[in-house]
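Chemist: Work the whole structure out from these sequences, hints included.
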Amino acid sequence: MPSLKDVKKKIESVQKTQQITRAMNMVASAKLRRAQERIEKFRPYADKYYEMLKDLSKGVDVSVHPLLEPREEIKATGIVLITSERGLCGAFNTNLITKAEKLIKEKSAEGKAVKILAVGRKAAHAAKKVDSAEILNSYIGVMDNFDFTLANKIGLEIIKAYEDHVVDEVYLIYGQFVSILRQEPVALQILPVTQPEAEEEENQGPQALYMYEPSVEGLLAELLPRFIKVQVYRGLLDTSASEHAARMTAMDTASKNCDDMIHKLTLAYNKARQAAITAELLDIVGGAEALKG
Amino acid sequence: MASTIKLEIVTPDRVVLSEEVEYVGVPGVMGQFGVLKNHIPYLSALSIGSLYYKKGGDTKYVFVSGGFAEVDGESITILAESAERAEEIDVERAKKAKERAERRLKEQSEEIDYARARAALMRAIERIKTKERVGM
Numbered sequence: 001m002p003s004l005k006d007v008k009k010k011i012e013s014v015q016k017t018q019q020i021t022r023a024m025n026m027v028a029s030a031k032l033r034r035a036q037e038r039i040e041k042f043r044p045y046a047d048k049y050y051e052m053l054k055d056l057s058k059g060v061d062v063s064v065h066p067l068l069e070p071r072e073e074i075k076a077t078g079i080v081l082i083t084s085e086r087g088l089c090g091a092f093n094t095n096l097i098t099k100a101e102k103l104i105k106e107k108s109a110e111g112k113a114v115k116i117l118a119v120g121r122k123a124a125h126a127a128k129k130v131d132s133a134e135i136l137n138s139y140i141g142v143m144d145n146f147d148f149t150l151a152n153k154i155g156l157e158i159i160k161a162y163e164d165h166v167v168d169e170v171y172l173i174y175g176q177f178v179s180i181l182r183q184e185p186v187a188l189q190i191l192p193v194t195q196p197e198a199e200e201e202e203n204q205g206p207q208a209l210y211m212y213e214p215s216v217e218g219l220l221a222e223l224l225p226r227f228i229k230v231q232v233y234r235g236l237l238d239t240s241a242s243e244h245a246a247r248m249t250a251m252d253t254a255s256k257n258c259d260d261m262i263h264k265l266t267l268a269y270n271k272a273r274q275a276a277i278t279a280e281l282l283d284i285v286g287g288a289e290a291l292k293g
Numbered sequence: 294m295a296s297t298i299k300l301e302i303v304t305p306d307r308v309v310l311s312e313e314v315e316y317v318g319v320p321g322v323m324g325q326f327g328v329l330k331n332h333i334p335y336l337s338a339l340s341i342g343s344l345y346y347k348k349g350g351d352t353k354y355v356f357v358s359g360g361f362a363e364v365d366g367e368s369i370t371i372l373a374e375s376a377e378r379a380e381e382i383d384v385e386r387a388k389k390a391k392e393r394a395e396r397r398l399k400e401q402s403e404e405i406d407y408a409r410a411r412a413a414l415m416r417a418i419e420r421i422k423t424k425e426r427v428g429m
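Line by line, the protein sequences are chains A and B.
For the first sequence, this note's numbering assigns the number 1 to the initial residue and increments by one for each residue that follows.
For the second sequence, this note's numbering assigns the number 294 to the initial residue and increments by one for each residue that follows.
There's no promise every hint is true.
What the hints assert, rightly or not - Selected chain B positions facing chain A (Cβ under 10 angstroms, derived; list incomplete):
id : residue
1  : Thr304
2  : Asp306
3  : Arg307
4  : Val322
5  : Phe326
6  : Leu329
7  : Leu336
8  : Asp351
9  : Tyr354
10 : Gly359
11 : Gly360
12 : Phe361
13 : Thr370
14 : Leu372
15 : Glu425
Since the hints were made in silico from the structure, they are not lab data.
All C-beta atoms, glycine included, are put in the ideal place defined by N, C-alpha and C.
Modeler: Structural data, given as structure tokens:
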């Protein structure tokens, strides 16, 4: 039986922990709001991009641009793994890393070399532990504060690796933000670029005939590399929003657990106090009885 | 009331502009082109430079770099990597960027650096030009 003082100390320490988890919850929710806003602002740009590429690549032969053309022999797979910088966000990073490990295993089984580009501290640490994969590069400390320049840098690096035949296909693994309660790890193939499917064309009536400048090929040469960056940026934004959402939920659960614990401990404390008082009373009464006799 | 066309300028970070305007002058890769209402559908890559539009007698300038213009009869959409309205441009910063780029160009170390420095220099020069057009 722990002493009264011990129980009281324990309660205080749990209360302090709860203060921290509550604060982290609040910070995460503020950051989530900002991240969501950025996604909202980025969406019109990304949507327009998909649309334009769809219009442009329709009916175009894949051989017009190297980024469109699938390679006949795939010797190496590149994986861009995006995670958060910090933990304390539930199973969020673990899920992403598990997803990556699964893909690595799959590709290794097919006899392909796997090369990783890690974004975020957690990704970099995980990549180091995988023996079957080579690390191309790690970006650490970037996820807390980034803009399009980061996507630009990563995009250029992937494209260069692809053009130099260091990798023959590239996957992007990121945490897709579905809702505050749901974030899904997604593996998306970004290279070679798969042509967006033209759906329900009949319903749209005659398509407007565009005049292109410089030429379709010239435009694709400009559009495709940027498209890669747009996808990377989307991955970054989504992962960032997902991270904050996951942390919010994790911290909310932690605060609730603290509540439970405090409740139980307080109960134990009160019981122990009662027991002590009863024992003391019994002593006094017993003493008084003895004196009487 | 002259007939208007909807001009939208979008970057990854924000919608810079969304307005009904009368005329848009766009810096295309093959040279400047003008867009009025009922322009034929047109898709062009953009060069680094300044775009201008006219509305109610006013002419306004916007710096754009690295992007595309998509035109149909009713609207024109600019997708740019960066875009700033003239009044948002930080000239001091652009001047510093210009000096930095010029210094790097003189050193002429590696080819990649050269291309990047050149692009940076172009952006800085065009930013300053865009600002000057407004007459500060």
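Chemist: Looking at the structure, which of the earlier hints fail to hold?
Modeler: Going through the list in order, the structure violates hints 6, 8, 9, 15 and respects the others.
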